[in-house]
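A.B. asks: Chain by chain, the residues:
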Amino acid sequence: GNSVTQMEGPVTLSEEAFLTINCTYTATGYPSLFWYVQYPGEGLQLLLKATKADDKGSNKGFEATYRKETTSFHLEKGSVQVSDSAVYFCALLTNFGNEKLTFGTGTRLTIIP
Amino acid sequence: SAVISQKPSRDICQRGTSLTIQCQVDSQVTMMFWYRQQPGQSLTLIATANQGSEATYESGFVIDKFPISRPNLTFSTLTVSNMSPEDSSIYLCSVEDLGFYTEAFFGQGTRLTVV
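Respectively, the protein sequence lines represent chains A and B. Using this note's numbering, the first residue of the first sequence is number 422, and each one after it goes up by one. Using this note's numbering, the first residue of the second sequence is number 29, and each one after it goes up by one.
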C-alpha cells in the first residue's frame, strides 16, 4: 500500500536559518505529492504540490522537487521566519481511483527569533 | 477552490454523551472525508461521506461509533457517539477537487475534549 515517511520532529531553528524537512514515499504508479501546513489552532492548508516527476512546487519561499528516482519530496526554505512555526505534513494521492490522501506523521517546526 | 465551514470549532463534552460536527462547503463537491487527528499525531481517515448512500469506513472505525450523514453535495455531519476520553482529538472535514490537479481542502477542525 501507499505510505509516507517524514522526518520526525520537533525541529527548532533560529530565524533566517536554512530548513529541510525530509519526506520519502512508497506508492504504486505515479502519485501526486503535497505539503500541507497547519498553523496553531487552525486546519490544514495546502502549501505546495507536484504532480509528476521533476516538477518543483513552490509557495511562500518554500520549495519541494518531486524526485522519482529517490521517491522523495523534501521541503526546503532558504531563510525561515518566526511566522513559519507550524506543523508540516507530507502527503500523496494516487491516481488509480483511490482518491484518499496518505499523510506522513507531521513535523513540528519552531522558529526562534 | 472550496471554502469549508466546520462547527463547532471546539467543545468540551462529558463522557457517555454524543457530539455532532457539521461541515458546510461553498460549492458542490463529489468527495467529502472525515479525519481524526489525535494529540501530537498525524491525520487518520475515518470515513468517506457518500451522498445518498452509507459512508465508507476505514479499518478500525464503525458506523455505530461515528455515524455520518451526507444529505446533499455541500453538507455532511459526523457524530462522535458515547464518547470517552480516548475520543479527545481534532476532527477535520475535507473535500477534494477532482480536476486535473487534484487537491484537498480542509475545514479548520473541531477540537474535542472529553472529560
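Derived from the structure by calculation, the hints contain no laboratory data. Predicted model only: the values in this text are computed from it and were never measured. Check the hints yourself; a few may be wrong.
[Claimed, not checked] Calculated cross-link-like contacts (lysine-lysine; reagent style DSS-like; alpha-carbon spacing at most 30 Å):
{"no.": "1", "chain 1": "A", "residue 1": "LYS473", "chain 2": "A", "residue 2": "LYS521"}
{"no.": "2", "chain 1": "B", "residue 1": "LYS35", "chain 2": "A", "residue 2": "LYS481"}
{"no.": "3", "chain 1": "A", "residue 1": "LYS498", "chain 2": "B", "residue 2": "LYS35"}
A.B. asks: Compare the structure with each hint and give your call.
C.D. replies: Cross-check of the supplied hints:
1. A threshold of 30 Å between alpha carbons decides the hint, and for LYS473/A with LYS521/A the separation of about 18 Å falls inside it, so the pair holds.
2. Proximity of LYS35/B to LYS481/A is assessed by CA-CA distance (about 29 Å); at most 30 Å being required, the pair is judged to hold.
3. Using a Cα cut-off of 30 Å, the hinted pair LYS498/A and LYS35/B is violated, with the two alpha carbons roughly 34 Å apart.
This entry does not satisfy hint 3, going by the numbered hints stated previously; all others are met.
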